[in-house]
Structure formats: structure tokens, C-alpha cells
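**Student:** Spelled out, the chains give:
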Amino acid sequence: MAVEYLSLSQLLRGARVYERLPQPLQQALKRSVWYTLITELAALSLFIFLPRDIWWVRVQPGGFFLGPTVDITNTLLDAAVVVLPYLMVINLFNLFLTLTILTVSLLLIQPVHEPFHWLATLNALPAGLNIVVTSITIGFFALIIIINLIIWAIIISFILGVIAALLSSSR
Amino acid sequence: MYKTNSRRPVFVEVSECQMLAQGRYPEMVHALSLRSTPHELASLPVQAIILQKHERTLATAQKHDLPVVFVGSAPAITGTKVFRGVSTDWGLVNIAEDPHFIAEGNRAVIPQQVLHELKSIQRAGLDFEAVYVAHEIEKNRLAPGQMLTLDMIAPPSSKGATSRSMQMSQAAESFWTGVGRLLLGSLRLGIGVVSTAAAVGAASVSFGATAYAYDPILFGLHIDRTVVIEGRPLALWYYLASWTWNE
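Each protein sequence line maps, in turn, to chains A and F. Each residue of the first sequence is one higher than the last, beginning at 225 in the working numbering. Each residue of the second sequence is one higher than the last, beginning at 67 in the working numbering.
By construction, these hints were calculated from the structure, which means they are not laboratory data. Glycine included, every Cβ here is placed at the ideal spot set by N, Cα and C. Please note: incorrect hints may appear among the correct ones.
Calculated Cβ distances over 12 angstroms to all of chain F for the following chain A residues [claimed, not checked]: (1) Leu230; (2) Tyr242; (3) Asp295; (4) Ala344.
Where chain F lies over chain A, by a calculated footprint (3+ residues, C-beta under 8 angstroms) [claimed, not checked]: (5) 246-254; (6) 351-363; (7) 372-380.
Pulled out of the complex, with its shape left as it was, chain A reads as follows:
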């Protein structure tokens, strides 16, 4: 069998630069990509499965919500209606980037070129901010509901106390 030789010029034509070789993603960056994917899928699912009516729902005074919590709740709902579609567009684009990283790296197994490392790092920002904004909004709603529940509990306890006092005094 004839031995193949490779000339210097042939070698240089196909040479790859060592410093630019693909690198495996670090463990923490891999986790970040998975967190990002989960966050995006959760946010998109929330958006898709949220009842359509919720966009037009506003709380009315004289119901469960008491005093200034009515205005705060409605302001939050108005803000959510304005911000949410933009968030979802960003999420959708970010999901596309996450899926690109997963595809190129064959589910984060194969080494990838440095730009993909940067992409994976920056990819976490919108997802993280999204989860913070969504959580703060939901947290606020939960807080308002808890405050109202406490107020209602106090009112009901007070009324029950008054009734109990009246009943005991009438005897």
C-alpha cells in the first residue's frame, strides 16, 4: 500500500487554529441553559393556558377587594396586560436561541465554538428577568389577596364577636 504524504502547503490549507477549537460547555453553564429552557417553557405555557377573559377582568370596589387594594390590583392588571405580550415575544425569541444551543451542542454534549458560550450566558438574562417580573407580579397579587383575607378575617371575627356579645347580653 502506497504511503500517503502530506506536504506543508497541504497541511496549512486545512489547518485549524487551536485557540478557536470548540470547547465543552462548563457544568454551571449547562445548568443555566436548562434553567432557561424550563423558565421559558413555563412562561409560555402560562401565557398560552391563561384564560382569555383575564385580560379584561378588573376588580370592583365593594367586593372581596377592599379600599386601596382595588386600585393597586387594577393597576397591576393593566401593567400586566401591557407588558405580558412583549415578554412573551422576547421569551419566544429566547426559546429559539436556547433550542439552537441545544441542537448545535447535541443536548449540551458536544463542544461548541466560543460564540455559543457567550450566547448561552446571555440567554439566561431575559429568562431570569422574566421569572423575576412574573414572580414579583404574582407575589404582589398573592400579597394583596392575603391582606384582604386577613382584613376579612378580622371583620368577620369582629362581627361574630359583636353578635356573640349581643346574644350573651340578651340572655
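Following the hints, position chain F against chain A.
**Tutor:** Coordinates of chain F only, in the frame set by chain A:
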């Protein structure tokens, strides 16, 4: 330095004094034992055209201040030739048969600076019919007759790229830890913190494990196919470049 006759064969002698032996890689030169003694070379017939190439190579290298150094005359081997060194051994192989070259889809992986030097050799008008690579390997890892394997010679990840990748990784981890802290108030994400520490530790360990990298050396050959020794054509060997991974 060279004895030339009007009639072929032409005989080549090599100077006793070799730059390489006094330079950065004296051990390598001695270990490879490629330098033929004048006595040995005197018995080897070399074609006039090869001698012309040799003279032109040396003249061009001198004119352009290239790192090309004539090492000696030896057959262009097939397979892996093992040379015992002092603290490490060397496996010499045709680059076309190099396991890393093959694993990279028949493409050589060379540091940018070295690639620049090799291109300057090419730009000066020099070319070599064959390129061989000597891989420094662990002592007694390779027995004579055995072939080099990828795990013996695969270079570690680039230090710069690894460092940047680790920084990005830590930035991402810090970001998610921050998000976790923000969401859970002062409560830390225990798993996150533990895994960060583990990841940083593991990264340090893996970097430490790959920090020691063996040196490859590239040789260029002018092959004289008319002279066959032990079934292999005779070649004039030239040092072209060498480097340390992660330097």
C-alpha cells in the same frame, strides 16, 4: 559541509554542530537521533535535485530568518517510531497517520502563533513533500511497534478559551443564584450554592489535570524516492516548529 561529485550519487555530510541541540529542544534532538553522522551520511547516495532543494531550503531559511533547521537524514518511516528520552518518550509519526489529525477530520490543529510561523515559511517559497510530527509522551507509555493513540496526544483545551468559558459559567451561575435569592428573599438556594462550589472545584481539578501538556514538534521532509533504506525512501529532515500546549 557538502561533498558534491560531478557524477551521481551525490553525498551529503551534516555539520556536527546543530543549532537545535543547543537550542530549546536539545533533549528532543538527541532522543530522536535523527542526526546522521558524517560517516553514515557519506554512504548514502542522494539525488542532485534533492541536494539542490536542500541548499535552497537552507539559503531561504537563512535569508528570511526562518526557524527551519536541518536535523539529519533518515528514512521516511511508516507507523510510529518510538524514541526513549530522559524524562519522557517521543512518538514520531507521519502527520497523515497522526491520530489527532485523523480525529479532526484530516485537519491539523496548530496554535495561531505557530501557524503564522509556518505560513511565513510557506510565503518564503519553501515547501516540504511530507510533514512528520513528534509527540512527547509519558515515559514507557508506548512500546516499540505500538501505534500512537489519540488519548496519548490529544491536546488539552486552550487555556484562554477555558478561562473565558469558566468566567461565563460562573457569571451564569451567579445570575441564577441572584434570581433565586431575589425570589426567595434572604433564603439561599442551597442546591445552587452547593452545586456552584462543586462546579468551581471540579473545573479547577479538570484544569489542573490538563495543565501538563506534552510538546509536539513538526518536521518537514525532502524525500528522495530513488534511495530506499529498509523499504522506506530516504529523506532529509528539517525542524519546522514546536510548541507547548497552553503556553
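**Student:** Now, for every hint given, state plainly whether the structure supports it.
**Tutor:** Status of each hint after checking the structure:
Interface exclusion of Leu230(A) from chain F breaks down, the closest Cβ pair being 5 angstroms apart, not more than 12 angstroms. With a least beta-carbon separation of about 4 angstroms from chain F, Tyr242(A) fails to lie farther than 12 angstroms from that chain, contradicting its non-interface assignment. With a least CB separation of 26 angstroms from chain F, Asp295(A) remains clear of the 12 angstroms interface cut-off, as annotated. Distance to chain F contradicts Ala344(A) as a non-interface residue, since its nearest Cβ pair spans about 7 angstroms, not more than 12 angstroms.
Only residues whose beta carbon comes within less than 8 angstroms of a beta carbon in chain F count, and the stretch 246-254 of chain A has 7; three or more means the coverage holds. With 4 residues bearing a CB less than 8 angstroms from a CB of chain F, the stretch 351-363 of chain A meets the requirement of three and the coverage assertion stands. Coverage of the stretch 372-380 of chain A by chain F is violated. Counting CB-CB distances below 8 angstroms, 0 residues qualify, and the rule asks for three or more.
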